[in-house]
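Start from the sequences, fold in the hints, and give me the full structure.
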Amino acid sequence: MKRRPGIEADPVDCNRQEIRFLERRLLLKGALSLGALGLLTGCDVTDEETVHRVLWNMSRWNDRVQMALFDPKRLAPTYAQSAITRPFPFNAYYRESEAPVVDGDSFRLELGGLIRDRRPWSLAELNTLPQSTQITRHVCVEGWSAIGKWSGVPFRTFLERVGADLSARYVGFKCADDYYTSIDMATALHPQTQLTLRFDERTLPRSYGFPMKVRIPTKLGFKNPKHVMAIYVTNVYPGGYWEDKGYNWFAGL
Amino acid sequence: MTRGVAGRASPDVVIRVHPLTVRITHWINVTAVFTMAASGWRIYNASPLFPFRFPADITLGGWLAGALQWHFAAMWLLVCNGLIYVGYGLFSGHYRRNFVPISLNSLLRALADTVHGRLSHTVGEYNPLQRLAYLGVIAMVILVVLSGLVIWKPVQFQTLGSLMGDYPGARLVHFISMAAIVLFVVIHVLMVMLVPRTFVPMWTGRARRPR
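Which chain is which? The protein sequence lines are H and B, in order.
Quick note on the numbering used here: the first sequence kicks off at 1 and runs consecutively.
Quick note on the numbering used here: the second sequence kicks off at 1001 and runs consecutively.
Hint data in this document are derived by calculation from the structure and do not stem from the laboratory.
Result set (SDA-like, lysine to any residue): computed pairs, CA atoms no more than 25 Å apart in a straight line:
1. K73/H to Q1156/B
2. K73/H to Q1158/B
3. K174/H to I115/H
If you only want the chain B side, here are some residues facing chain H, beta carbon under 10 Å, derived:
4. Y1044
5. L1064
6. L1068
7. W1070
8. V1155
9. F1157
10. Y1167
11. R1171
Just so it is clear, CB atoms sit at the ideal spot from N, CA and C, and this is done for glycine as well.
This is the structure we're talking about:
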């Protein structure tokens, strides 16, 4: 598969070979190996399209259930300084040396969609906004987790500052690589959702998403985009890189 | 088995051993548990807790996202079916009649009988070891569901998670309860193979017992 660098917590990190299984029909090949299931249920498991559609619809149903379970006021657990995972794992399906290089001086965060003031932001300007710090657990869809320390602008503060339509449904992110993802507005406004500029008290290193990432401790890792270049607010479902391939969209913790 | 000859009354009586609700939920549960285990093994393989992976051929989903889709679809089947089963077991008296009491003495006696190859299987009755096994596997399914909830939603269900050692602890609990369920299934199927006359009643609900 073509290398597509630069995302956070891609579910493929430990298993490069997983990438080779991306084709959807393989999704079902595994299903067929459990032929007994078809015998037991009386379902025609060989009808790949039907199975695929049912599973996809269940994932959309699970999005709605998760939205209902999400408590906008409930904070993700925070940890002591000593609990930080060191070294914090570099997480991508490319080597650390292949992470995208973004020039911090010329970087301008682009804004789009349902936002009143779409003027681009430089790093220096973002640094003048109120900052917060969190030590939270990053949970990867693969199952592993690690505790890290992130600092930056509370995302809610930023959205309010630029006059985003807070009643819109989605916030989308575009990254320096081809990665893209999106979240629900309720999560965007959660007190711990953060425009992250620093990791462990230092400027966010390139391997963790320089110049900017979005840290969302109430979402799985792949919903925490790195190297964010553009943010837009929309009512049209924006999907995401992994989400469009079959990973659950809401992916809330 | 019946020794009945045509034209003569059978020396056996036909008794109802498994109520309809138990039979239906049992076979739905078989489907749910197989799907959850096979897709769960695929998910496990993405980031193994222990130094081994499950052979891909016995897993379900084809890749991580596919396995997750199966897992989070079949969980509804497992939980809804399980609630109906447990609700029925509690309110119909099925558990009270068949699974309790289990005394330590009777358990030890049954264990000794098993070791000496003397443990008998009486159709329609649950011996102490069976009672323990069935109550145990019900407890394990409850535990696998609770730890699964914590893994799925470690923030929303953090109070429950704190009882299991947070997210990493819940993964361990989830794995161990899965392993216990699989162990139960293996023994359960072996027992049916040893006493094959118990198989058909799980479908028909009826069994013959010597008069």
